[in-house]
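S.K.: Taken in sequence, the protein lines are chains A and B. Number 69 in the numbering used here belongs to position 69 of the first sequence; there are no gaps in the numbering. Convert by adding 1000 to the 1-based position in the second sequence; the result is the number in the numbering used here.
FYI, nobody ran anything at the bench for these hints, they're computed from the structure. Treat the hints with caution; some may be incorrect.
Some chain B residues flagged as far from chain A (calculated, every beta-carbon gap over 10 Å) [to be verified]:
| no. | residue |
| --- | --- |
| 1 | V1063 |
| 2 | R1068 |
| 3 | G1105 |
| 4 | D1134 |
Pair ranges (Cβ atoms, derived) [stated by the list, open to error]:
| no. | chain 1 | residue 1 | chain 2 | residue 2 | range |
| --- | --- | --- | --- | --- | --- |
| 5 | A | L9 | B | F1069 | 37 to 47 Å |
| 6 | B | G1033 | A | A96 | 12 to 22 Å |
| 7 | B | G1076 | A | Y17 | 52 to 62 Å |
| 8 | B | N1007 | A | D42 | 19 to 29 Å |
| 9 | A | R112 | B | G1076 | 55 to 65 Å |
| 10 | B | G1082 | A | G11 | 49 to 59 Å |
| 11 | A | V81 | B | S1058 | 28 to 38 Å |
| 12 | A | V15 | B | Q1013 | 32 to 42 Å |
| 13 | B | D1051 | A | S44 | 21 to 31 Å |
Treat the numbers as computed from the prediction; the structure is a model and nothing was measured. Just so you know, even glycine gets a beta-carbon here, dropped at the ideal spot from N, CA and C.
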Amino acid sequence: MRVLHPFALIGGATVEYPTHEAKFRALAVDWLDSQTGKSRVDFSHPSHQQIIGMGQIAIPFILKEIANQTGHWFHAIRSIVGTTPVPADARGDLNAATTAWLTWGAENGYGRIEDLKGQLDADPSAKPSRSIAG
Amino acid sequence: MQIRLPNLHALLQDDDFKSPPTIAYNCVGYAVGDPRWWQPSGDEGHVWLNDLPVGDYSVAQYVDMFKRFGFLPCAGMEPEVGFEKLAVFGNQGEFEHVAIQLSDGRWISKLGDLEDIQHPAAQNLEGNFYGKIDIILKRPGDINRTDSFPLA
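Okay, chain A solo, but in the shape it has when bound (with noise of 0.2 Å):
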């Protein structure tokens, strides 16, 4: 029996990749470098939405970014997880926000803050440059 890659259409072109997190980290890195620069954040680009659409499998990943504060992730998991741990007075508060959701991963097995933490660094080539100094 044949097995499915999982495919992304990214910039008008379907592509195949090996694993869910490769088809994950390229939608990211699309998505993310879209909106850098920008004062308000695009939550309906292409590439933000096949992420959702990725659905439970993509939780983990987006719980590195938060951990990593690498972007505007908490539209997407609270789209796939269709409920949020964030109290409604920490509406806003980037830090808050990141502890409520990195809390609920440990709390539902996406493993511990800790090792949440960091793992992007070792691997700079999958997030885009953040500086306008390029």
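Starting from the structure of chain A, add chain B where the hints point.
M.R.: Here is chain B on its own, set in the frame of chain A:
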């Protein structure tokens, strides 16, 4: 990342970069002195005024929001003693950016998730990326924001 502001790089020196990149706050948060990410998205990572509509990204709504912080439309962007000024950028009526005037006439901008920078003129940021200056706002105040870097 190649930001879509090709004329800006030549104007900036190393000491014009006033903060590391961060997603903790945006230009709007910087303008109103509340270092969070201000956006009418309804997202829990963002903040907006409760009685203003979610999903309205018009310059008009952002001006309404700035009015709540005491900013009102004014005619010119030259510095005035005793006033703080903002330059609100838009593209076809949609909000794109807000820059803040320093007391010496220069401007500062938080560039989305990137750095805070200072730049000689508000017009330095005009172009395809942030659009054009749509309106100038001012409020009484005498804050020298060069003392406030970085916010977060």
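S.K.: Now tell me, hint by hint, if it's right for this structure.
M.R.: Hints and how they fare:
no.	hint	in the structure
1	V1063	holds (15 Å)
2	R1068	holds (16 Å)
3	G1105	holds (22 Å)
4	D1134	holds (13 Å)
5	A:L9 x B:F1069: 37 to 47 Å	holds (42 Å)
6	B:G1033 x A:A96: 12 to 22 Å	holds (20 Å)
7	B:G1076 x A:Y17: 52 to 62 Å	holds (54 Å)
8	B:N1007 x A:D42: 19 to 29 Å	holds (24 Å)
9	A:R112 x B:G1076: 55 to 65 Å	holds (56 Å)
10	B:G1082 x A:G11: 49 to 59 Å	holds (50 Å)
11	A:V81 x B:S1058: 28 to 38 Å	holds (31 Å)
12	A:V15 x B:Q1013: 32 to 42 Å	holds (41 Å)
13	B:D1051 x A:S44: 21 to 31 Å	holds (25 Å)
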